[in-house]
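Enquirer: Protein chains in written order, with our numbering: chain B, 3 to 323; chain G, 91 to 761.
Read the hints as simulated data drawn from the structure, not as lab findings.
Each hint should be verified, as a subset may be incorrect.
Straight-line alpha carbon distances no greater than 20 Å define the calculated SDA-like cross-link-like pairs of lysine to any residue that follow [to be verified]:
1. K293/B - E434/G
2. K551/G - W471/G
3. K465/G - E434/G
4. K361/G - T137/B
5. K361/G - N144/B
6. K361/G - E140/B
7. K293/B - S230/G
8. K600/G - S563/G
9. K293/B - T196/G
10. K293/B - R240/G
11. K293/B - D163/G
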Amino acid sequence: MTPRTPGPPPPAGPPPTRGITMLGASEAGKTSFLAALQIALLRQPDLGWSLTGDDQGSTLAMIGFMDAMSNQHAFPQPTVIRHENYRWSLIGEIPGVREWHWWGFRRRTRRIRISLDLVDGPGEASRGSNLLATTESEELVNSLARSAGIVLFFDPVLEAERGHAFQHLYGVLTLLRSQAAPHGKLPHFVAFCINKFDAVPIFRSAQALRILQYDEETGAPYVPGEYALEFFERLITRSRSDDASMIMPLLRQTFHEDRIRFFVTSAIGFYIDPAIREFDPADYQNHIPGKPARIRGGVYPINVIEPVLWLGRIVARMAGS
Amino acid sequence: MAGQRPPLPIERSAPPASPYLSDLSDGPAGPTRDERLILTGPVPAGGRAAPAGAPADAQLVPVEWALWGKEPDVPGYRIMRCSSGGLGAADFHRFISRYASGVKETLPQYTVGWIPDGNGGPEYLAVAIHELADKDPARSGGRVRASRDREIEYIRLFCVRYADLARHRATYYDLVEALRDTQLPAQLAEPLQVGLPDLDPPHFTAAVCGFAESVAALLLTSRPVYILGAEGFAAVDRLRFIDYVMSLLPYGLRSTFSASTWASATARDLKLRLFFTNARRATEDGTCLHWGQPVAPELTAADLPVRHYVSWLEHGGSNALAELADQTKPFRFTADDVRKAIAELPHDRPVKDVLEGLADGLRRRDQPVVAAAVKRLRNQWRNNPPDAAGRLGFRQQVDRLGLLRPHPGLNQRTVQSVYRVLLNLAFENPMTYTGYCDLVDCAGGPPSGALRQEVLDPDRKFAAYIPWLLVWSSEGEFSDQELRDNLREQGIAATDPLREVQRDIGRVRKEHRAPVYDFAVNYLRVASPSPRAELRRLGYLTTTVDAAFPGDLKTQRIRLEDTLRFAYDGLLSDAQVREIYAQPGLTATPAFNAAVERLHRPPEEAPKPSRRPKRRPPEPPESGPEQSPRLRARRDREWVFTVRSGQVVVGLAGIIVLIAVVIVVLLLHLG
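Produce the complete structure using the sequences and hints provided.
Expert: What follows is the structure, given as structure tokens:
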């Protein structure tokens, strides 16, 4: 008898529900990221996707975000204490879908709707020191457990200053694993967003790594997905804490590796002079520090749609739509 | 960030079309409380004197406090400092987490709530002021306005023991006003002492009051209520409106009330009972109201107490608010507690509502609610005894609600008190026969058990013999002999009951006729010195019997036969028969004739039958004059059935014989 070779691990079961939860430290840019989603879709009409609110509150929030960022040049109000739930839907068209008939099939463009049940919690909820003591932490863990997708935020600027990203992840993910996957890995899909790419030190790091590509229309730089992990590994070497080196092993330990994708993102993007409408490497800072901070010019989100669309498609496939 | 967010002036965005908005924006129509009554600020714990400007009777109450926010360059919100009283940082944190209302477009905003004691009962009321630090460092209490380029939403949280607040019936606005200028600087550690005025709820015009009444009623359904379209008002005006809504409810409900002048439309799992927001939420999140739009609360059968509350409020009169404020016993917003709170509403409630509440309490075996309703009904009866029309109305409602039916599972004394008050309220005293019949209808049968005991209470009298007899003789507690003795002891003349029977027999219900007639005749026989003469004088009661049992010859005959037997000591001779028919005033009814005929002694004794008579075939129906149409029809049916049965038997026998003959013929033929 030939010994059996160990096969691949059994596929993890589908996550319990359809939602997508945002996870990250406070001030990591979760709310700004969500707020920029609509703008990002409008900036890239070629993608063929649009965003719509599924209830009155979510629609009003979408309108409010748009008004704050593009009209008032302000960042949206941060989420404090209570989790906010945005029910939005991505609506788009998929060309060339086979449609079967008795004589065979024909290809048609199919209109689809992907429901996004986005939960934005306060960063304090994932703070490691009092995870079991607060209702907001409990709410966050429950929300994550119910979600199919997680958008995980890593703020390299804050990490260089404070080095607390691992603390914010470890407690929550450990609790989540004990609840949702006591003996294995979590079934969730994870979009790991390295945020605030527009910040000067982060942009320069990417430049130094020579991993940048440039948008054909505005010339704005971005980091393509295939270099995102490498970029992240470089960034954590700049962390103020040694713990940051454990983030990647923690993720591999918690989730199936093929379900994690890395994105280098920016909610506001780089400053594009409206007169020239092109990226200027000598003048690109869009974030104006202040009390409160403001947005200097137009909002040109970078890699904001991609993680949401990726997770949204997965969630929709699971829901059978 | 949008920069500083000043409170919106009322006039700026109030749509002119809405009467409610003008109610709030016009000077005289807005809250008119004399704000000089409010103490302007707290004093440290050491200073016990009331601050200047306080009313003479103002007393100091301890206030525990906490400041929630962010230190510069320290990530995350937390309790920055708090008082060292009965509540700790964890308690304050729990309150802030529980009643968090999400992202706010404008600041300041106000949230109110409560903190339970160790047993889960209400202990503290809390007011949270959500705000930015003042731009003027002298007025900011050492707080920075922003951290890491973000404005900080601070929460100043003030907690007062409910008992202290209830003593003054203070409003949330009172508390906020008293603490508005206390910035909670870092050097403060002790609880504060604040003087509060006695209750003077804000006053609004009729339109706003009507809307507030609807909100108050809906809150009693235990479902959260949220209001859209009030963004144009300053948060403090929304707080006053919340105060006004709560002043329309028993003060004790504040002990477990929570509300916010603003909640995010996308915030999840809000723990607020009343809040203002800007978008409709999911149905399960509460009842949605639009500011300034008339509300017709849809109340189900389960919301009966709420309907009573609405009705009470309509009839509450000018003193209603003050009376509500005196109801400081803590209540929760649960169906049971709401029911209790409404049962204890001050002032007179419409009896109709009280009766419905009583029925609900009896159905659920809720002793306190039943007791409260009984007390209310008793007061109503004493202070405002109903007239005949009123009694009739209550009787109909008692009947409809089944209040006089048995109520198993409740304390016997409580049930008796229910019956007593209902009898007083809905039935005449002394009780007439009509009243007795109504009682039977309401109780679903003759009064029994506790109800009968109440009817027999010495305080209750009977207007006539018939109801007296029917109640006393039921349940077999007393024998006829005892009842007769009782009547004699009361000095009731021998003929009185019979006279009443003769007079009223036509309107006595069929099922009551036999007992009242029989008892009255027996009483005559026992109580009269010359009963036979009396019976003769009364014509052997032939017309009374005919009226009591019309068409029932047998029943009539049995009773007349009995009377004649009593009058003549057995069978009648020819002479006695002649004497009977010669009586003046005698009405010889067919039943009487039959009775006489049966009692008439034959000239010679008939031979005793030696054996059982042969069973004879049924005779065809006779149509004698004495037979009732019903009896005739029955006999016809029996006869026809018997004849037809016989024909069938004969037919069957014939067929069998025929078959047998055929078989024999066939056998012969084959043979």
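Enquirer: Give a verdict on every hint.
Expert: To see whether the hints hold, each was checked on the structure:
1. At roughly 54 Å between alpha-carbon atoms, K293/B and E434/G are farther apart than 20 Å, so this suggested pair is violated.
2. Taking the CA atoms of K551/G and W471/G, the gap is about 18 Å. The hint holds against a cut of 20 Å.
3. With a C-alpha separation of about 10 Å, the suggested pairing of K465/G with E434/G holds against the 20 Å cut-off.
4. Distance restraint check for K361/G and T137/B: the Cα-Cα separation of roughly 12 Å lies within the 20 Å cut-off, and the hinted pair is therefore satisfied.
5. Distance hint between K361/G and N144/B is fulfilled; the C-alpha atoms sit about 17 Å from each other, no more than 20 Å.
6. A hinted pair counts as satisfied when its Cα atoms are at most 20 Å apart, and K361/G with E140/B qualifies at roughly 15 Å.
7. Restraint check: the Cα-Cα separation between K293/B and S230/G comes to about 16 Å, which is no more than 20 Å; the hinted pair holds.
8. Distance restraint check for K600/G and S563/G: the Cα-Cα separation of roughly 17 Å lies within the 20 Å cut-off, and the hinted pair is therefore satisfied.
9. The suggested pairing of K293/B with T196/G holds, with an alpha-carbon distance near 16 Å, which does not exceed 20 Å.
10. Straight-line distance between C-alpha atoms of K293/B and R240/G comes to about 6 Å, which keeps the hinted pair within the 20 Å bound.
11. As the CA atoms of K293/B and D163/G are separated by approximately 13 Å, the hinted pair is consistent with the 20 Å bound.
In summary, the structure is inconsistent with hint 1 from the numbered list given earlier, while agreeing with all the others.
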